[in-house]
Amino acid sequence: DAGITQSPRHKVTETGTPVTLRCHQTENHRYMYWYRQDPGHGLRLIHYSYGVKDTDKGEVSDGYSVSRSKTEDFLLTLESATSSQTSVYFCAISESGLAGNPYGYTFGSGTRLTVV
Amino acid sequence: DAKTTQPNSMESNEEEPVHLPCNHSTISGTDYIHWYRQLPSQGPEYVIHGLTSNVNNRMASLAIAEDRKSSTLILHRATLRDAAVYYCILNAGGTSYGKLTFGQGTILTVHP
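Chains as they are written, first to last, in this note's numbering: chain A, 1 to 116; chain B, 1 to 112.
None of these hints come from the bench; they were simulated from the model.
Heads up, a few of these hints could be off.
As the list claims (entries may be wrong) - Per label pair, the in silico range of CB-to-CB distance:
#, chain 1, residue 1, chain 2, residue 2, range
1, B, D67, A, S7, 38 to 48 angstroms
2, A, E79, B, D67, 25 to 35 angstroms
3, A, D54, B, E15, 46 to 56 angstroms
4, B, P112, A, D54, 43 to 53 angstroms
5, A, E79, B, K69, 41 to 51 angstroms
6, A, H41, B, M59, 19 to 29 angstroms
These figures come from a predicted structure and were not determined experimentally.
Ideal Cβ placement from N, Cα and C applies to all residues, glycine included.
Take these sequences, add in the hints, and give me the full structure.
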């Protein structure tokens with residue numbers, strides 16, 4: 001989707017190294033989310049942000065940290081990558097945090113991370 | 001969080017209607033029903049959502065049972081491009097900050 005980009009698209013890294021994934025949006029949406037997707041687990045929420053410098057944990061946040069210093073960028077950092085963090089990571093944005101958000105959520109194309 | 005139950009897989013023929021069911025018996029009064037789909041090697045894509053009344057948009061229709069314990073996503077004429085994993089999700093109201101909780105979804109196969 002043109003309004004949200006993730007980088008890199010693919011990355012291979014070694015166990016124990018730090019990794020940062022970037023989500024960039026041009027929609028000026030307030031809410032941003034990081035999900036991971038693994039076979040047999042569907043998508044699971046890692047962290048989310050409800051404004052600049054306002055972030056909180058999702059259901060699988062251990063081993064991950066996030067930062068949002070400006071509206072358009074939401075960074076996901078693996079401080080010391082492990083093989084269990086091999087996954088596909090998706091970023092999502094939303095104009096509203098309300099359940100009845102009429103605009104839906106827009107997802108990026110994903111980052112495939114392999115930790116060897 | 002309220003859960004949803006969907007069949008693991010369904011099949012359809014091209015140009016025929018498809019009815020994808022979802023059970024959510026523990027839904028609360030403020031939960032919205034959202035549907036997303038995920039095409040191969042892509043991120044999820046918003047399809048439709050509703051609260052109590054049936055909803056229509058250019059992609060699909062959403063039929064919600066009167067007791068709201070189940071819903072059905074209707075694709076009126078399936079195409080090969082509709083082959084995807086379809087997720088039925090309950091989006092809680094209140095201060096949930098719009099977090100989505102995905103289940104396993106239904107894998108839809110469309111035959112030519």
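For the pair E79 (chain A) and D67 (chain B), does the Cβ-Cβ distance stay inside 25 to 35 angstroms? Cβ of E79 (chain A) to Cβ of D67 (chain B): about 47 angstroms, so the range 25 to 35 angstroms is violated.
H41 (chain A) paired with M59 (chain B), Cβ distance criterion 19 to 29 angstroms: holds (26 angstroms)
Verify the CB-CB distance for D67 (chain B) and S7 (chain A) against the hinted window 38 to 48 angstroms. holds (45 angstroms)
Within 46 to 56 angstroms: is that where the Cβ-Cβ distance between D54 (chain A) and E15 (chain B) falls? Taking Cβ atoms as reference, D54 (chain A) and E15 (chain B) lie about 47 angstroms apart, which means the hint holds.
How does the Cβ-Cβ distance of P112 (chain B) and D54 (chain A) compare with 43 to 53 angstroms: does it lie in that range? holds (49 angstroms)
Is the gap between the beta carbons of E79 (chain A) and K69 (chain B) within 41 to 51 angstroms? Distance hint for E79 (chain A), K69 (chain B) holds at roughly 43 angstroms.
Violated hints amount to a single one, hint 2; each of the other numbered hints is respected by the structure.
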